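So the sequences go chain by chain: F and W.
Residue 173 in the numbering used here sits at position 183 of the first sequence; the count goes up by one each step and never skips.
Residue 19 in the numbering used here sits at position 29 of the second sequence; the count goes up by one each step and never skips.
Hints are computed from structural coordinates only; laboratory data are not their basis.
Small disclaimer: the values here were computed from a predicted structure and weren't measured.
Please note: incorrect hints may appear among the correct ones.
As the list makes no split between identical chains, a pair holds if one copy fits it or if it spans any two.
What the hints assert, rightly or not - Result set (DMTMM-like, lysine to aspartate or glutamate): computed pairs, CA atoms no more than 25 Å apart in a straight line:
no. : residue 1 : residue 2
1   : K57       : D42
2   : K177      : D199
3   : K231      : E216
4   : K57       : E112
5   : K231      : D42
6   : K62       : E354
7   : K13       : E349
8   : K177      : D256
9   : K177      : E203
Chain by chain, the residues:
Number of protein chains: 2
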Amino acid sequence: MSQPKVFEKPTGVRDYLPEAVAKLRSIELRVLECMQRWGYQQIMTPTLEYYDTVGIASSTSNNRLFKLLDNKGTMLVMRSDMTAPIARVVASLLKDKPFPVRLSYHSNVFRAIEEEAGREAEFFQTGVELVGDASPEADAEIVALAIASLKAAGVEQFKIALGHAGFLNGLFDQTLPGRHEEQTALKECLQNRDYVGFRYHLQQLHLDDEAREELESILRLRGGVEICRMADKITHADMAKESLRHLCEVWEILKAYKVDRHVMIDLTMIGNFAYYTGMIMEGYAENLGFPVLNGGRYDNLLAQFGRPAPATGFALETNRIMQVVNGGVEPEAYRVLVLYSQEKREEAIRTALELRTREGYMVETKSVSAGEAIGETGLSEGERVAYEGQLYDDIIQFTE
Amino acid sequence: MSQPKVFEKPTGVRDYLPEAVAKLRSIELRVLECMQRWGYQQIMTPTLEYYDTVGIASSTSNNRLFKLLDNKGTMLVMRSDMTAPIARVVASLLKDKPFPVRLSYHSNVFRAIEEEAGREAEFFQTGVELVGDASPEADAEIVALAIASLKAAGVEQFKIALGHAGFLNGLFDQTLPGRHEEQTALKECLQNRDYVGFRYHLQQLHLDDEAREELESILRLRGGVEICRMADKITHADMAKESLRHLCEVWEILKAYKVDRHVMIDLTMIGNFAYYTGMIMEGYAENLGFPVLNGGRYDNLLAQFGRPAPATGFALETNRIMQVVNGGVEPEAYRVLVLYSQEKREEAIRTALELRTREGYMVETKSVSAGEAIGETGLSEGERVAYEGQLYDDIIQFTE
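Generate coordinates for the entire structure from the input sequences, incorporating the hints supplied.
Laid out in structure tokens, this is it:
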């Protein structure tokens, strides 16, 4: 246990200097406004929740939760996502609000990390939940809004991959009935996109040729909407077939939204398989190895809070979106310095106050002795002048 | 250790439903914009900090810090204010940025509470720090900006009380030299506004009449700028007299800002006396028992992070301001529901997407079977219609 140095921060957390804040907040506000236009209103929940309620209901594995004890010895967690807290609110404070309930959020979330992982322990998510609607229309709305949100954030090149938890669950239950351990091993390979491991596990199972081929062909099920038809030929499981019908229906509705060119089908996706019950989605931006967006249907979560209801939603990984967005930030302020000597203080302050009412102005004042006046700055349009290490668009002097 | 019920939250934390979020965020954005116009740029710091650095440097007492251990066994705290984290940033990431440094923030902060206290364990502060300027101009700027921020937030009736840590420290050191315990007892009475206790402690000290009267007269030192002159006659301590000169100078500058009518002098104020070194301020709004604003000069904090510098700042207690602000929130959205039957889906979705581009519109869609159409709504201007328990400004139907 080493003593931290005075300037150090805990592992995996960061400071945001003004430029980064401007970018983050610009994304946040534009995305929340987009969500509001689609009928999603923002809520906020506490950073701390009970471990036994929201903690265990969240999709985050136990060892990645930040835990602490309150003064009665009850275990608390720092929220690891917003879906479980929102489920709690929908089932308690909003229990009389009729379905469908549409809510949005922008929030920091916390996940304990391994020392060398280089991942963030605190990061931002901006997302929505649509609770109380099990229809393909609800899933399609969530996908279309995810696309609108990425555009609002300023992400230009992206793809949304759609999968379905029911397809793989149905396929595995038919091919490997009752063999839960083997199913889990294969699912974990898919979740980690470890296709070599998937094939290796498959070989160990000593299945007949047909079953092995059926499972191996999963890995090829990525592409356009034709993938649903291909997959339908592979499987005989009712649940898998029903899942494919649902996905096809979602695709049809996305065509009405005219966003199907942003979407692909990826039936190898399994998301967090203990959590999602239906459609799953991931969003990818150009040149970024991690998803910028995660979401899907979770029809079993609300029941854990006493108000059973289907639900679907997504979260933008706002910090990753910061990395892929270039423009779109508000123009920088017009920075003015008002220098004044004691005798002209009132006039100088009056001028500063007046300039501060102008759109886009940022005005600082500084009292100087007469000797510190800097003479004519002779600035021309667009030029900036340095004063004590800072750059200003204009310096106005009130000195004797 | 009782098991929490599924709908419960930890003590002292709250959910914000859409209406409360709209109000909170409206205050947040207007205040931050005001601060930006005065040259203060927003930064963000992590929720978790090391106990041994930011934790012990903060102005929060040890038993009110939320503590947890990281996976190496090092103690972390959830930030209890933003002043210490900003001092860390100014001394590390911004160590090459020349003074003065002007920074703003809006942030949740955490303070563990006693079970029955009814205080909030997580709440919001919106504030600024001005680092590297020891002048009365800097203190006056902070006071004037505090007033501008309260106005930007929509607080109409308020008073700012100004005091000075140096006045009481100087007076006590002269009257009770070396008697630190007695000084602390008296200061604690002042901090808690326990004037009866103050008089009681004073009697126990067996001072001569002059000294006792000098100390007792502190309690009368509240009013306009004339209080500084009154106080100057009471004390002979250099430090106290110097503090009064500084306050008078701040007052003069506040007259140039034309905000002196919002300000009063209260020399009984001592703030957090281990922390503040100079001018102290508190802001009060009508009909609210707690300050809506706290601030002051803390010239010793930056040295703890390795970059000694004078500093001054304030924080708005944003949650308390929510309680006193009525209007000022953005007008509610114009809420439209688009109902459609399967056959007219494309037309309905196209209409919804078009309406969502209009300023202030919030548009939901719902697929219905032909039998669910609701007929002519016959809405007139300003009327709202209910549909499945929700109120809409308009319902547009695309049904066969």
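Against the structure, the hints:
1. K57 <-> D42: Classified as both: same-chain Cα gap 11 Å, cross-chain 19 Å, threshold 25 Å.
2. K177 <-> D199: The answer is within: 20 Å in one copy meets 25 Å, while 85 Å across copies does not.
3. K231 <-> E216: So K231 and E216 pass the 25 Å test inside one copy only (14 Å; across, 85 Å).
4. K57 <-> E112: Both. Shortest intra-copy (14 Å) and inter-copy (16 Å) distances satisfy the 25 Å Cα cut-off.
5. K231 <-> D42: neither (36 Å within a copy, 58 Å between copies)
6. K62 <-> E354: neither (49 Å within a copy, 44 Å between copies)
7. K13 <-> E349: both (19 Å within a copy, 23 Å between copies)
8. K177 <-> D256: Answer is within; shortest intra-copy Cα gap is 14 Å, inter-copy 68 Å.
9. K177 <-> E203: within (16 Å within a copy, 81 Å between copies)
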